[in-house]
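First to last, the sequence lines map onto chains A and B. Quick note on the working numbering: the first sequence kicks off at 1 and runs consecutively. Quick note on the working numbering: the second sequence kicks off at 1 and runs consecutively.
With a Cα cut of at most 20 Å, we get these calculated EDC-like pairs of lysine to aspartate or glutamate:
hint : chain 1 : residue 1 : chain 2 : residue 2
1    : A       : 560       : B       : 25
2    : A       : 4         : B       : 11
3    : B       : 84        : A       : 641
4    : A       : 560       : B       : 67
5    : A       : 5         : B       : 76
6    : A       : 4         : B       : 76
7    : B       : 111       : A       : 641
8    : B       : 114       : A       : 641
9    : A       : 376       : A       : 366
Which bits of chain B does chain A cover? Going by a derived footprint, with three or more residues having C-beta under 8 Å, they are:
hint : stretch
10   : 72–82
11   : 95–109
Some chain A residues well away from chain B (every beta-carbon gap over 10 Å; in silico):
hint : residue
12   : 69
13   : 71
14   : 154
15   : 171
16   : 224
17   : 312
18   : 424
19   : 597
The hints are simulated quantities; they were obtained by calculation from the structure and are not laboratory data. Please read these numbers as outputs of a predicted model, since none were measured by experiment. Glycine included, each C-beta is placed from N, C-alpha and C at the ideal position.
What follows is each chain in one-letter form.
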Amino acid sequence: MFRKKQLIHFILAAVIFITADIWIYHTLTSSFDKYVQQRDFNEISLFVQTAPQKEENIPSWLNEVSSIIPGAASLYLSYDFDSGSFVPFASSDDNITLLYEQQRDSEEFKKAMESAYYLETEQISRQYTLTLNGQKVRTGVFVAPIIAENGYEATGTLIIAVPESTSSSYGRLIGTFALLSAIAFMLIAWVVSFSRDPVTGFMVLALFIIVGIFVAFPLIEALRLSFMTDGEFSFDKWALALSPSYIVALWGSLRLGVSTATASTIIGFLIAFLVERTSFKQKRTVSTLATMPVISPPFSLSLSIILLFGNNGLISKQLLNMGNTSIYGLGGLTLVQTISMFPIAFLTISGVLRQIDSTVEDASLDLNASRWQTFKSITFPLTVPGILSAWMLVFTNSLADFANPLLLSGNLRVLSTEAYMMVTGRMNDLGGGAVLSFLLLLPTVSAFLVQRFWVSKKSFVTVTGKPSTTLTELTTAPVRRILTAVAWIILGFILMLYLTIIAGAFVKNWGIDYTFTLANWKAIPDSWDSIVSTLLLALISAPVAGIIAMAAAMLIVRKKFPGKKFLEVLMMTPYAIPGTLIGIAYVIAFNKQPLILVGTGAIIVINYVIRELPVGLENGITALHQIDPSIEESAQDLGADVPTVFKTIVLPLVRPAFLSSMTYTFVRAMTAVSAIIFLISARWYHLTIKILSYSENLRFGLASVLCTVLIAIVLGVFALMNLLVKDDKLTRKTISTR
Amino acid sequence: MDKKSVSVTLENVTKRFKDVKGKSDVIAVKDARFIVEGGDLVTLLGPSGCGKTTTLRMVAGFELPTEGKIFIGDSDVTFLPPNKRDTATMFQSYGLFPHMSVFDNVAYGLKLRKVDSDEIKKRVQESLDLVGLSTYGDRAPGKLSGGQQQRVALARSLIVTPSVLLLDEPLSNLDALLREQMRVEIRRIQKSLSITAIYVTHDRVEAMSLSDRVIVMKDGEIRQMGAPDEIYEKPNSRFVAGFVGKAAFFPVTLKEKRDDKWICLFNKHELVVSRPPVEMKEGDKGVLMARPESLRLEEKGKGYIEGTVRMNVYLGNSLESFIQTPFGEVLVQIDDPHSKKVFAEGEAVSISFSVDRVRLLHPDEN
Ligand SMILES: Nc1ncnc2c1ncn2[C@@H]1O[C@H](COP(=O)(O)OP(=O)(O)OP(=O)(O)O)[C@@H](O)[C@H]1O
Ligand SMILES: [Mg+2]
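Could you put the whole structure together from the sequences, leaning on the hints where they help?
Okay, structure coming up:
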């Protein structure tokens with residue numbers, strides 16, 4: 001039968017390849033081993049020829065062996081005429097003498113000693129593990145005769161232990177490559193012989209490889225390293241992380257998370273309610289202003305808060321003359337985080353409010369319930385799941401936040417920055433940083449899971465398919481006026497923060513000298529390289545992430561393949577993981593053979609793509625679910641293969657989702673900091689890190705300029721994107737041609 | 001456009017769908033085997049959920065059979081993906097590309113085949129002419145009526161001159177008049193290009209009027225195949241009889257086998273009828289199946305079954321008389337009612353038939 005034939009093909013191909021693979025592996029290693037052995041022989045015979053005549057010089061001569069063969073140790077045996085045998089005379093390391101004493105009567109040793117007696121250098125046919133220079137190493141042991149001047153007599157015998165390190169690591173590398181090529185070949189052969197549709201097979205395989213290497217592998221490596229101290233398995237790092245000094249940091253993170261989440265949810269709800277459920281007029285303006293902070297660069301709001309309320313702040317010092325302020329610490333951090341994160345709560349809650357069918361409220365009002373009663377018994381309960389979701393999301397974001405605490409934490413210790421200090425500080429402890437980030441993972445992942453599986457299940461909101469167009473005013477005029485005033489105060493404050501940044505860019509020395517100057521703008525030429533590389537890497541990442549996300553969405557929604565759920569989970573994983581952990585894990589995993597990527601631009605692009613993939617993927621999946629599968633099937637039926645279907649049908653149809661994931665990736669790449677800070681190099685620098693270092697050095701003018709530049713770029717891209725999305729005249733509303 | 005017509009063969013094809021939540025598998029198609037001769041139009045007829053679409057999708061290549069093989073012509077296509085098969089499918093929902101104009105929709109298959117653009121223009125125009133949409137090339141598919149969309153889908157399928165045309169309830173979204181027109185149109189085009197076609201429907205009129213052969217399915221199994229008249233006149237089970245047309249069933253007892261006939265006891269009468277399609281033995285119960293147009297009304301006491309007229313429905317060329325009998329209500333169709341005696345509602349009558357117009361069947365409901 002068909003399948004049997006395929007199986008035979010596959011097995012045949014596999015056997016042939018593996019035989020060839022093993023043969024090549026053997027040939028390479030054995031010829032390399034021969035070469036190494038030959039080289040050792042040559043060096044040993046050269047060394048032996050330099051043997052001093054006088055016996056008292058021998059010990060110092062023995063010590064020179066390690067300058068000729070790195071790491072080697074030697075033992076000199078002199079010929080004892082009385083007993084007619086060789087006895088130890090001197091050695092460069094006691095352990096080699098010990099080895100000789102233990103092994104002198106073994107078959108291998110005797111044989112080699114005999115050869116030496118007949119003036120031939122010989123390598124003992126097995127290897128020994130020795131402790132040399134305080135390290136356990138596997139060594140090859142050579143026995144060489146010291147030939148007397150007459151040329152036919154041995155005056156002594158030299159035993160040299162040569163550590164195997166260099167040759168064996170080379171051998172292991174060849175081994176790894178042989179194994180990897182075998183695995184790669186088998187996978188490819190498997191897809192080719194068993195998949196009815198090899199292209200899909202290869203796309204799935206490619207996704208698995210990408211996710212395996214860039215999501216699973218670094219996390220596993222980070223986890224592994226967190227259990228290693230000095231190359232040995234131990235719980236030391238975890239013990240340190242769970243010691244009081246770091247539990248304080250965890251506590252700090254949690255306190256900050258709870259206060260930020262609570263404040264953000266309240267503000268988010270207020271504004272969402274105002275926009276979605278009242279007859280308030282300037283809805284568009286307010287929505288736009290309220291979402292602004294989502295796209296603003298990290299550090300910018302902190303910077304602006306420092307400019308206004310810091311020790312030399314405009315408001316705190318110049319206006320109120322307060323001296324030292326307490327903007328650094330929990331209070332200030334909560335303020336800044338709330339401003340940067342309440343948009344998340346706003347968007348989540350207004351999404352839920354919008355979907356509540358206002359006929360339910362009408363019904364309640366009809367039953368003579370007052371507006372307040374209606375709100376209390378109908379509207380608010382229906383919104384609760386949304387509120388909880390929003391709270392969890394902000395909480396997660398606050399814990400993972402890294403930029404704001406770096407500038408503003410003061411005496412408050414939080415885990416994300418502690419992890420960073422651990423890695424970059426004196427200790428330079430990657431494993432320790434990983435442990436602290438894992439600690440951070442606990443609350444964020446639990447919040448994520450609770451949000452995903454519990455809160456979203458409790459949602460009562462049903463999408464009716466016909467959005468209600470009428471709206472019932474739920475507030476009385478005075479209440480509405482108060483709400484409006486509060487909202488405008490908050491938004492006015494945000495606007496002021498942005499204006500402060502722009503003002504900061506034109507002021508000579510904030511806090512001391514407020515004269516107008518353009519001098520700060522030299523930050524642009526100074527940071528030109530960073531601007532270019534930040535922009536370049538973001539521009540590369542956006543389409544890559546967009547295309548991978550859409551292709552993966554197509555595979556996940558439309559194709560059947562084993563391990564689909566697993567692939568989806570792995571791809572979504574980075575969403576729940578703090579950037580700090582990803583950054584540290586990448587440094588751990590990609591700073592060694594066989595994938596040395598740290599220092600390249602590639603690793604930064606990969607990091608952007610992997611981290612922003614989840615959002616794009618979700619966009620793509622949602623978009624594809626709304627498209628009738630028979631559209632793609634028609635294309636395939638007419639002769640299009642999978643890539644052609646993707647290019648000519650899927651991509652154009654999910655264009656809005658595609659564009660928005662590209663924009664999202666671009667913005668996130670432009671404003672990245674938490675993972676990137678571990679991955680940047682002199683060649684590939686990031687603008688946000690420049691802003692950080694200017695801010696840390698109190699050069700606020702320069703920092704303000706760069707913030708302004710970043711905001712301008714991001715806004716520009718948004719404007720462009722709006723133009724692009726508008727122009728989909730054919731697809732508008734006609735995704736299903738039923 | 002000259003191509004040799006090819007046959008489509010299914011050999012013991014079974015399709016099982018895995019159920020996600022550990023429930024038992026769904027058997028959508030069970031051991032289907034049939035041959036569609038080159039140039040024939042065969043309909044798959046059956047109630048909803050009987051596996052028609054699944055069968056069609058396996059021929060098109062969108063589903064892989066769990067067991068069995070599928071041949072197009074002489075070549076085994078079981079494991080070939082849809083884009084490598086010389087089939088074209090018209091989906092129930094048309095599957096038009098919403099982001100392309102009508103012209104580009106129709107041209108899609110040709111562009112994939114790297115036909116040069118002048119040739120494409122010419123052939124798309126021809127094909128739009130064929131379906132009567134020559135002036136609609138620039139429209140977006142979303143801005144066409146259901147019938148027009150359907151014709152675009154037809155043009156798009158036909159332009160690549162497939163050897164096999166697969167149609168999944170293509171007319172179900174259309175109004176009655178348009179449906180009739182398109183039916184004739186599809187049949188005409190299929191015949192003139194002598195394309196092999198498989199047509200899925202649950203409308204028996206469509207199946208009867210359109211096809212060379214009909215395959216009746218139920219619960220994933222093929223129950224009967226044959227020419228439309230064969231299926232109608234000689235159904236092999238109560239299910240097929242009832243599904244392809246109106247029928248009355250009368251219970252009988254088999255008394256004695258005589259050559260290739262059975263003597264049955266029915267209502268104290270002895271009737272000699274042809275052997276049933278399934279094996280039965282003396283003393284078994286059976287049913288006689290009669291079509292309404294094979295039944296006659298006679299004066300009280302003169303036929304086989306006594307009853308009273310409950311209602312007459314006048315249809316112009318015929319009259320349908322509903323008769324209350326001990327075996328339930330029986331429909332009798334009286335053709336050309338003006339030339340015959342019509343019994344008034346409430347009158348006592350007797351129903352008779354000639355024994356060569358009835359069929360002895362197994363009494364099982366299916
Ligand atoms: N992808 C699938 N997964 C699981 N079960 C399926 C799938 N597709 C079809 N089925 C099941 O297989 C059976 C046959 O379905 P099929 O679509 O072939 O029916 P059909 O005869 O075309 O019905 P209709 O006339 O309603 O279109 C049904 O019970 C259906 O639920
Ligand atoms: Mg169907």
